[in-house]
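Chains A and B are the protein sequences, given in the same order.
First residue of the first sequence: 5, per the working numbering; consecutive thereafter.
First residue of the second sequence: 4, per the working numbering; consecutive thereafter.
Treat the hints as calculated values from the structure; they're not laboratory data.
The model shown is predicted, which means the values in this text are computed figures rather than measured ones.
One or more hints might be untrue.
[Stated by the list, open to error] From the derived model, a few chain A residues whose C-beta atoms are all more than 12 Å from chain B:
no.	residue
1	ASP50
2	TYR73
3	ILE108
[Claimed, not checked] DEER-style ranges, computed between Cβ atoms:
no.	chain 1	residue 1	chain 2	residue 2	range
4	B	ALA21	A	GLU144	28 to 38 Å
5	A	GLU144	B	SER68	49 to 59 Å
6	A	GLU102	B	THR19	26 to 36 Å
[Unchecked claim] Think about it this way: if two alpha-carbon atoms lie no more than 25 Å apart in a straight line, the pair counts; the simulated SDA-like pairs of lysine to any residue are:
no.	chain 1	residue 1	chain 2	residue 2
7	A	LYS29	A	ALA119
8	B	LYS54	A	ILE86
9	B	LYS97	A	ASP7
10	A	LYS90	A	ASP7
11	A	LYS28	B	ASP83
12	B	LYS51	B	ASP69
13	B	LYS54	A	LYS90
14	A	LYS175	A	ILE86
15	B	LYS51	A	LYS90
Virtual Cβ for every residue (Gly too), placed ideally from N, Cα, C.
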Amino acid sequence: MKDLMRIKSLISNEIETLLNQQVKKEAHSSAIYLSMASWCNRNGYDFSSEYFFKQAEEERLHQLKIYKYILDMGGMSVSPEITNIKLEYNSFREVFEEALDQEISVTQSIKNIYARCLKEQDFVTMEFLNWFLKEQREEEYKARRALELFEVIGEEGTGRWQIDKHVGEIKYPPQA
Amino acid sequence: MIDTVQTASLTEVFSTKAGTIFQSDAERCWYVDFAGKFARFDYRCLLKLRKAVYHVNIEQKLLSSDKSPDVEIIFICACDHCYILTLIQIIAFKELLEGTFVMFELNHILHDRLGYFAA
Ligand SMILES: [Fe+2]
Ligand SMILES: [Fe+2]
């Protein structure tokens, strides 16, 4: 009996489902960042707004990267529905706290898929995910650095104005 | 019932008292013999069928006390087939499909270990 499932698709059904969930997660991240960009802009934090616009665009690219991978492997990628995007934040700081939370949850979820690949010996998808693991290193670094500015500079006086200015200068790796 | 297609080219994948699922290597598809129906499924449709059947919340249906009829309609988008099944049949269908997919996995392991060229 032929292994028809394998002939149709390089990735298993379980991996396909997990990757589709990740597509949704990236799309969700993108929508959240877009909302953050709007909040920052409305409240006069122009550099942070710009930073989040850029992040939103990056997340969109991540989404497409996984979306196309699923198709290339013979799977079916599903365009996700995104709802429940927060419009208001209580403070400038809260925006960055939630940005870091979001990145951490993305890292965890990629680790989960990786673990499943390891179990199935799906080395092809593991190799594909390596790019994302490296990307998360940068994403978490940047989100953490931004949050640290609140400690280093402090929010008193013109603090928030200065924090905003520095957000635009965060780079990874730091030396480059 | 099976005589209508070329039985010779069909391999039995899994069988229970309630039904049987066959694979056709030549046509790269499956034939599902269940609930008095002998239906052809391609790759996508079989996966959709599995999803639809697994999706039925059997426990909840068993516990619900409302007077709604005890039947479930399994309709699969973009497939030609539709099943109208009782709860007992749903349970049997689920068992049949679960067994089938375990056999697919087993078959995959065999191919993996023996090598695609040897198999
Ligand atoms: Fe991302
Ligand atoms: Fe990110």
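Hints violated by the structure (numbers, ascending)
4, 6, 10, 11, 12, 13, 14 and 15
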